[in-house]
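Student: Sequence:
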Amino acid sequence: MSRISRALVVAAVLAAPLLPASASASEVESRPCPQLRLADHWYGDNAAKIQRVIDERGRCGTGGRPLAVFDWDNTVIKNDISDQTIFWMLRHDKVLQPQARDWRSTSRFITDAGADALAAACGTAVPAGAPLPTSRNFACADEILSVRKSGKTTSGEEVFAGYNHRYMEAGYAWVAQLNAGYRPAEVRAIARAARDEALRAPVGATQRVGSGTEVAWVRYYPEIKDLIATLNRAGFSTWVVSASPKETADVWSAEVGIPPSRTIGINSLTSHGRINGHLEGCGGLPDGADAIMPYIDGKRCFINKKILGIEGAAQLDAAPEAQRQALAGGDATTDVTMLRDATGVRVTLNRNKDELMCRAYDNADGRWAVNPMFIQPLPALNRAYPCATNAYENADGSTGPVLRDDGTVIPDQRDTVHG
65 MSRISRALVV
75 AAVLAAPLLP
85 ASASASEVES
95 RPCPQLRLAD
105 HWYGDNAAKI
115 QRVIDERGRC
125 GTGGRPLAVF
135 DWDNTVIKND
145 ISDQTIFWML
155 RHDKVLQPQA
165 RDWRSTSRFI
175 TDAGADALAA
185 ACGTAVPAGA
195 PLPTSRNFAC
205 ADEILSVRKS
215 GKTTSGEEVF
225 AGYNHRYMEA
235 GYAWVAQLNA
245 GYRPAEVRAI
255 ARAARDEALR
265 APVGATQRVG
275 SGTEVAWVRY
285 YPEIKDLIAT
295 LNRAGFSTWV
305 VSASPKETAD
315 VWSAEVGIPP
325 SRTIGINSLT
335 SHGRINGHLE
345 GCGGLPDGAD
355 AIMPYIDGKR
365 CFINKKILGI
375 EGAAQLDAAP
385 EAQRQALAGG
395 DATTDVTMLR
405 DATGVRVTLN
415 RNKDELMCRA
425 YDNADGRWAV
435 NPMFIQPLPA
445 LNRAYPCATN
455 AYENADGSTG
465 PVLRDDGTVI
475 PDQRDTVHG
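The working numbering numbers the first residue of the sequence shown as 65 and each following residue consecutively.
You may find that some hints are simply not true.
To be verified - Here are the computed lysine-lysine pairs in the BS3-like style, where the Cα-Cα straight-line distance is at most 25 angstroms: (1) 142 to 113; (2) 216 to 289; (3) 142 to 289; (4) 113 to 369; (5) 370 to 289.
Simulated from the structure, these hints should not be mistaken for laboratory data.
Assemble the whole structure, with the sequences as input and the hints as a guide.
Tutor: The following block contains the structure:
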């Protein structure tokens, strides 16, 4: 297909309406099974694997309302919405001074070294709840960015400790907790402003944040947008399950036909209508414990809670196979449990994340579909994935081998699907 022809197909897919919900049963039966319109954009036989699940599980097959779940950042879009929101907040003085002017109030798991570094960089002169002047105070912006990007201070000290690494990433949760003091609608407005700028910026554009230069652009993947639209036409219940704040994910997900009612993110609790810095619980961990979020096993937990209606500690266990998602899409280790639970096809965009790629390349049951990123795919990794030694992250943050369901060790894997 020529570049011009491909552009025309993509434009047609993005403009195509969903089928009306009011169609009669006879009309539905007379239509052919919905087909991926950008099937030739996928790697190898991935489109065929996906289409087979659509045909077998959707309204043309067993019928019902099968489930499909997608990670957001670098799965539905290229780049990261939490990054873009934080960048925008720092450039527009929207990060608020913490309660009691003490950064320890922003996370149960922040270390003294982390809190002290943030206080030293951002100061204590600004009253609690007032905006920090991060557009001018580059030291403060740089310290916040270092915590967001690496979980370390600018001097290299660990900022978070003591959390379960299979239930959450404390640095990701901290992005939501920084919204404390705002009303949810205000957070959505900030996310909307950041989204508008990121979509307007040319591919490859950068921006100045603090003393450094950061990515300034985001794009929706037409191929994933096409996939979600096809699933919707085929009768699937499509959901976003993101490790970004829910308010932020809500703003972005509507573009692909997934409303806030089917968008799961880090769900912040409120007091008197304002975000209070604490998080919804799951799997027997109560609201306000701030100990779990949609991350690795936490993604399974919130799928079981929010979508399947499972209660209590059982939310952390794999649901019965008949209830689980038929299709899942992801790009990083945060998505690995959610993808493993999928019973039909596991769409895996290759970003060289060790545990995920070990399982995807091992492909023990033939249900994994590894694909290069659709925009700026990564080249071949110049090393093997260390599956047999240290690609798995344990709950305490230590590493070990990646095991199959039967307990055998996955051997090291070569990177074979790339740009």
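Student: Confirm or reject each hint.
Tutor: How the hints compare with the structure:
1. 142 to 113: Holds, because 23 angstroms separates the two Cα atoms, which is no more than 25 angstroms.
2. 216 to 289: 35 angstroms, violated
3. 142 to 289: 12 angstroms, holds
4. 113 to 369: 28 angstroms, violated
5. 370 to 289: Within the cut-off at roughly 23 angstroms; holds.
Violated hints, listed in ascending order, are 2 and 4; each of the other numbered hints is respected by the structure.
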